[in-house]
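*Asks:* Now for the letters of each chain:
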Amino acid sequence: MTLLEARSISKRFGGLQAVKDVSFSVAQGSIKAVIGPNGAGKTTLFNLLSGFIAPDSGEVLLRGMPVQDLPSHAIATRGLSRTFQHIRLFGGMSALENVMVGRHVRSRAGFMAGMLNLAWTRAEERDIRDRALDSMEFLGIGQLAHANASSLSYGQQRAVELARSLTSEPEILLLDEPAAGLNMRETADLAVLITKIRDRGITVLIVEHDMSLVMNISDEVVVLSYGEKIADNKPLAVQKDPQVVRVYLGEDEC
Amino acid sequence: MFLELFFQYLVAGLTYGTIYAVVGIGFNIIYNTTGIINFAQGEFVMLGGMTAVSLHAFLPLPLAIAGAVLVTMAVGGLIEMLFIRWLVKPSVLRMIIITIGVSILIREGALHLWGEGIRSLPYFTGNEVSAIEIGGVRVSPQVLWALGVAAIVVLLLNVFFHYTMLGREMRACASNRDAAALCGIPTRNMVTLSFVVSAGIGALAGCVVSPITQTQYGIGAGLAIKGFTVAILGGLGNSMAAVGAGFILGILESFSIWVMPTAYKDAISITILLAMLFARPSGLFGNSEAARLKEF
Amino acid sequence: MFQRFRHITALAAAIAAVQLLTAATGKEFFLTQLTMAGYYTLVIIGLCLLMGYAGQISLGHAGFFAIGGYTSAVLTTVDLSAWKAAPAISLLAKSGILTGRADLYGGQILTVHPWAAFLCALCITIVVAFLIGVPVLKLKGHYLAMATLGFGTIIYSVVLATSRFGAADGISSVPAFPLLPGLAVTGGSSQRVANYYFAWLLVTVGMLLLINLIHSRVGRALRSIHGAEDAAGAMGVDAARYKLNTFILSAVYAAVAGVFLTHYNGGIGPSEASIMKSVRYVAIVAVGGMGSLWGTLIMSAVLNFLSLRGYFGTFDDAVFGSILIAVMLFSPEGVLKLDIRSLVGRWIRTDRKAGA
Ligand SMILES: Nc1ncnc2c1ncn2[C@@H]1O[C@H](COP(=O)(O)OP(=O)(O)OP(=O)(O)O)[C@@H](O)[C@H]1O
Ligand SMILES: [Mg+2]
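Residue numbers (my numbering), protein chains in the order written: chain H, 13 to 266; chain Y, 32 to 327; chain E, 5 to 360.
Just so you know, these hints were derived from the structure itself, not from any lab. Careful, some of the hints might be misleading.
[What the hints assert, rightly or not] Using C-beta positions, here's what the derived DEER-type ranges look like: (1) Y/ASN207 / H/ALA66: 26 to 36 Å; (2) H/ARG197 / Y/LEU118: 19 to 29 Å; (3) Y/VAL168 / E/ALA89: 35 to 45 Å.
[Said to hold, decoys possible] Some, not all, of what chain Y presents toward chain E, calculated at C-beta under 10 Å: (4) ILE131; (5) ARG138; (6) LEU186.
Quick caveat: nothing in here was measured; it's all calculated off a predicted structure. Don't be surprised by glycine CBs; every beta carbon is placed ideally from N, CA and C.
Let's have the full structure, built from the sequences with the hints guiding it.
*Replies:* Right, dumping it as C-alpha cells:
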C-alpha cells in the first residue's frame with residue numbers, strides 16, 4: 013500500500029529549477045532512499061514533502077490525502093516526521109526536553125490543562141517523559157538525558173534529533189543525511205538502527221550520500237539530478253542504470 | 032471656498048509630510064548600514080528644534096540652526112559610540128530595547144533642560160500671517176522653506192551616496208557588511224557616520240518646521256512612529272521612496288481631519304501602518320519577491 | 005514538581021512577612037503602594053510569559069491594561085436610570101447585572117454590576133487580543149515591535165480623544181468591587197490590609213498558573229518555538245496558535261490587573277494607557293531576566309514599589325529608560341544573572357580593538 017506519494021511536484025527558486033516534475037511513491041513498511049549529487053534537490057524535495065515549502069505545482073499525498081497546501085505542523089500531526097540535514101535542536105533545553113517535544117503530536121494538554129496541572133495532565137506528562145526516555149535508550153543515548161542539548165557532540169545531537177522524531181511514533185520518517193559526520197562503525201550501527209525502526213512499523217524515506225548504507229538497507233532508490241528524477245528502482249538495478257552511472261562518474265571526475 | 036479649504040489641507044499635509052519623509056529617510060539610512068531600527072529617530076527632530084530655539088536667544092537664526100544641527104549630529108554619533116558600537120552580534124530585540132531606552136533618556140533630558148513648554152523658532156522670512164500667492168492659493172513662505180530644504184536634503188544625500196567616496200563606502204557597507212570590511216572599509220565608522228547623518232537631517236527638519244508645527248520635549252515618539260510608517264510605506268531601506276510616502280501620509284492625515292475629529296489623527300496614521308504591515312510589508316513601491324528574502 | 009510549591013510557599017510567606025513588617029514598624033501606609041505594585045506585577049508576569057517564553061515582544065501591553073480598566077470604569081459609572089423603562093434595561097436590572105447605588109451627590113444611579121463589568125472587560129480584551137494578535141504575531145523583530153507600539157498608541161490616542169472615557173481627565177468615582185460580604189476592592193484605609201492580601205493572592209495564583217504552564221507540554225512547545233521555530237513545526241507545534249494563545253493569555257493578565265487596580269484607585273486616567281507604561285513593563289521583564297518569572301516578579305515588586313513611593317522623583321521615566329539600556333548593554337540575561345567577568349572581558353576586548 014502506498015503511504016506517501018509525490019505527483020509531478022516542482023519547485024523553482026528564482027532562476028533555479030530546484031525540483032522538476034518529480035513523481036514517486038513510498039510503500040508502507042519499506043525503506044526508500046533518495047540519492048543524487050550535491051545540489052540535486054534532495055533537501056528541497058524533503059521540504060516539499062514535509063510542508064516546509066509549498067510546491068509551485070503538483071501534489072503530495074499522505075495516505076491518499078493531498079497535503080501539499082498544509083503547513084508543516086499539520087503534516088506532522090498526520091504522522092510524518094523528519095530530521096534535518098543541518099541539525100536543528102532546541103537550544104537552551106536539555107536533550108530529554110528536546111525529545112519530549114517529539115511527543116507533542118501524540119499528547120493533548122493545552123493551555124488550560126497546563127495551567128491547572130490536572131491529574132490527567134500529570135499522568136500524560138509522565139507518559140511523555142517515559143516514552144522520551146525509551147526512545148533515547150533505544151538509540152543508546154539514555155545517559156545524555158539531562159545534558160544541555162547544545163553542549164552535545166555532533167553525533168550525539170544527530171541521535172537526539174532522531175530520538176525526537178521517533179518519540180512521535182510517526183507513520184513515516186524522513187531522514188536527511190543521517191550518516192553525515194559519522195565514522196564507518198557508527199554508519200554500520202545506523203544501518204542496523206534504521207532497519208530496526210522499519211521493523212517497528214515505521215516507513216523510512218532517507219536521503220544519503222553513503223552508497224553502501226543506501227544499497228544495503230533500501231528496498232527502492234530514487235535518483236535525482238538537477239532536480240529531475242532519473243531513476244526509481246531496486247538498488248541493484250539503479251547501480252546498473254547507465255544514466256545514474258554517468259551522473260555519478262561525472263561527479264567523480266571533478 | 033471648497034477649493035481653498037482643499038488647498039489648505041493639502042499644504043498642511045505637505046508640511047507634515049516633509050518632516051515624516053525626513054524621519055523616514057533617517058530610519059532608512061541607519062537601517063541600511065546596521066539593520067537596526069533606531070527608535071530614537073524622532074528625538075533628533077525634537078532635539079534639533081529645541082536646541083535651535085535655545086541657541087537663537089543669542090545667535091542669529093542661521094547660526095542657531097547650524098549649531099543645533101551640529102549638536103544633534105554629535106549626540107547621534109555619541110549614541111552610536113556609547114550604546115551600539117561595542118555590542119557583539121546583538122539580537123534585534125536587544126537593539127530595539129536599547130534604542131527605546133535611548134529615546135526615553137533624550138526625552139527626559141529635554142524635559143529637565145527645557146521643561147514642558149511649547150517653543151518654536153521664528154518664521155525664516157516674514158511671520159505667521161505673511162503668505163505668498165501661488166496660482167491663487169496663499170501659502171506660508173515657511174512651507175516653501177520646508178519643501179525647499181527637504182528637496183535639498185534629498186538631493187545632497189543622493190550626491191553624497193552616489194558620488195563621494197565616503198557615501199559609496201557607506202552603501203557598500205549597507206549591501207554587504209562583511210564584504211565591505213574585507214575591502215578595508217572601516218564598517219564600524221560607517222555605522223557611526225550613519226547615525227551622525229540621520230541625526231543631522233532630522234535636526235534640520237526639526238528646525239525648518241518648528242515655526243509651523245512647534246516643538247515640545249515629547250514630540251519625538253509620535254514622529255518616530257510616523258517616520259517608521261513612512262519608511263514601511265516606501266519599503267524599508269528605500270530612502271527615496273520614503274519621500275513620496277512621507278507626503279502621502281502627511282496628506283492622508285491632513286485630510287482625515289475633514290471626516291474625523293483631529294484627536295484621532297494619530298490613530299489613523301497608525302492604522303495605516305498596521306494595515307500596511309499586515310498586507311504589504313514590502314511597501315507600496317517595494318518588490319514583494321525581494322522583500323520576502325528579508326527577515327521580517 | 006515540589007520545587008514549584010516550595011517557591012510558591014516562599015512567595016506567600018514573603019507576602020505575609022512584608023505585611024507584618026509594615027504593621028510592626030507602623031508603616032501601614034506602604035501597603036497602598038505595595039497593593040498597586042501587586043497589580044502591576046500581575047501585568048508584568050503575564051508579559052514575561054509572552055516575551056521570555058514565546059519570544060514575542062509587546063510594546064502595547066498598557067493598552068490591554070487600559071482596555072480592562074476603562075471597560076470596567078465606564079460600565080460601573082455610566083448611569084442607566086434614564087432608560088430604566090426600556091425592557092432590555094429593566095430585564096438586566098432584574099437579573100442583577102445592573103445595580104443601583106447612590107452617587108457622590110446622593111442621587112440614585114443605575115450602573116452595571118462590577119462583576120458583570122469584569123466579565124465584559126475580559127471578553128472585550130480577549131476579542132481585541134485575538135483580532136490584533138492574528139495579524140501582528142505574523143510579524144517579527146522590528147515589525148512586531150512597531151506594530152505593538154502602534155496598537156498601544158492607538159488605544160492611548162482613542163482614550164485621550166474620547167469624552168466618554170473622560171479624555172485627559174480619565175474616569176473617577178469608580179465604585180468598590182465587592183468580592184465577599186465585608187470584603188471589597190477599594191482604596192479605603194479600613195480595607196487596606198485585606199486589599200493588600202487580595203492583590204498579592206491574585207499574583208500568587210497567577211504565578212502558580214504560569215509556573216504550571218511553563219512546565220507543561222505547552223511550555224515546552226513555547227520554548228521549542230523560541231529555540232528553532234521550523235523544527236518545532238516539524239514536531240507538530242503550531243507556532244502561530246501557541247503565540248496567539250500566549251498573547252491572549254498575557255493580555256488577560258493585564259486586563260484583570262487593569263480592572264482591579266481601577267476599582268482600587270477609584271478611577272483610571274490615560275497615563276495608564278501610555279507608551280511609557282508599556283515600555284516600563286518591558287523594562288521590568290528585561291531586568292528580571294527575560295524569561296525568568298521569579299526574577300521578573302521580584303524586580304517588579306521592588307521597582308514598582310520604589311517608583312510608586314516616588315523615590316525616583318521627577319526622574320521616574322529616566323530611571324526606567326536607564327534600566328532598559330543598562331540591562332540590555334551589560335546583562336541581557338537580567339540582573340540576577342549578571343556575569344561580571346565576561347562583561348569586563350568584553351570591555352577590555354573592545355578597548356584593545358579600538359586601540360589597535
Ligand atoms: N531557499 C532557497 N532559495 C534559493 N535557492 C535554494 C533554496 N534552497 C535550496 N536552493 C537551491 O536549490 C538547489 C537544490 O538544493 P538542495 O538543498 O535541495 O540540494 P541537495 O540535493 O539537498 O544537496 P546536498 O547534497 O548538498 O544537501 C541548490 O542549488 C540550492 O542552492
Ligand atoms: Mg541537502
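*Asks:* Does each hint hold? Answer for all of them.
*Replies:* Evaluation of the provided hints:
1. Y/ASN207 / H/ALA66: 26 to 36 Å: Roughly 30 Å apart at Cβ, these two residues keep to the hinted range, so it holds.
2. H/ARG197 / Y/LEU118: 19 to 29 Å: Once the Cβ atoms are compared, 45 Å apart, the range 19 to 29 Å for Y/LEU118 and H/ARG197 is violated.
3. Y/VAL168 / E/ALA89: 35 to 45 Å: Roughly 56 Å apart at Cβ, these two residues miss the hinted range, so it is violated.
4. ILE131: Where the cut-off is 10 Å and the nearest Cβ of chain E is about 6 Å from Y/ILE131, the hint holds.
5. ARG138: Result: holds, 8 Å to nearest chain E Cβ.
6. LEU186: Status violated, d = 28 Å.
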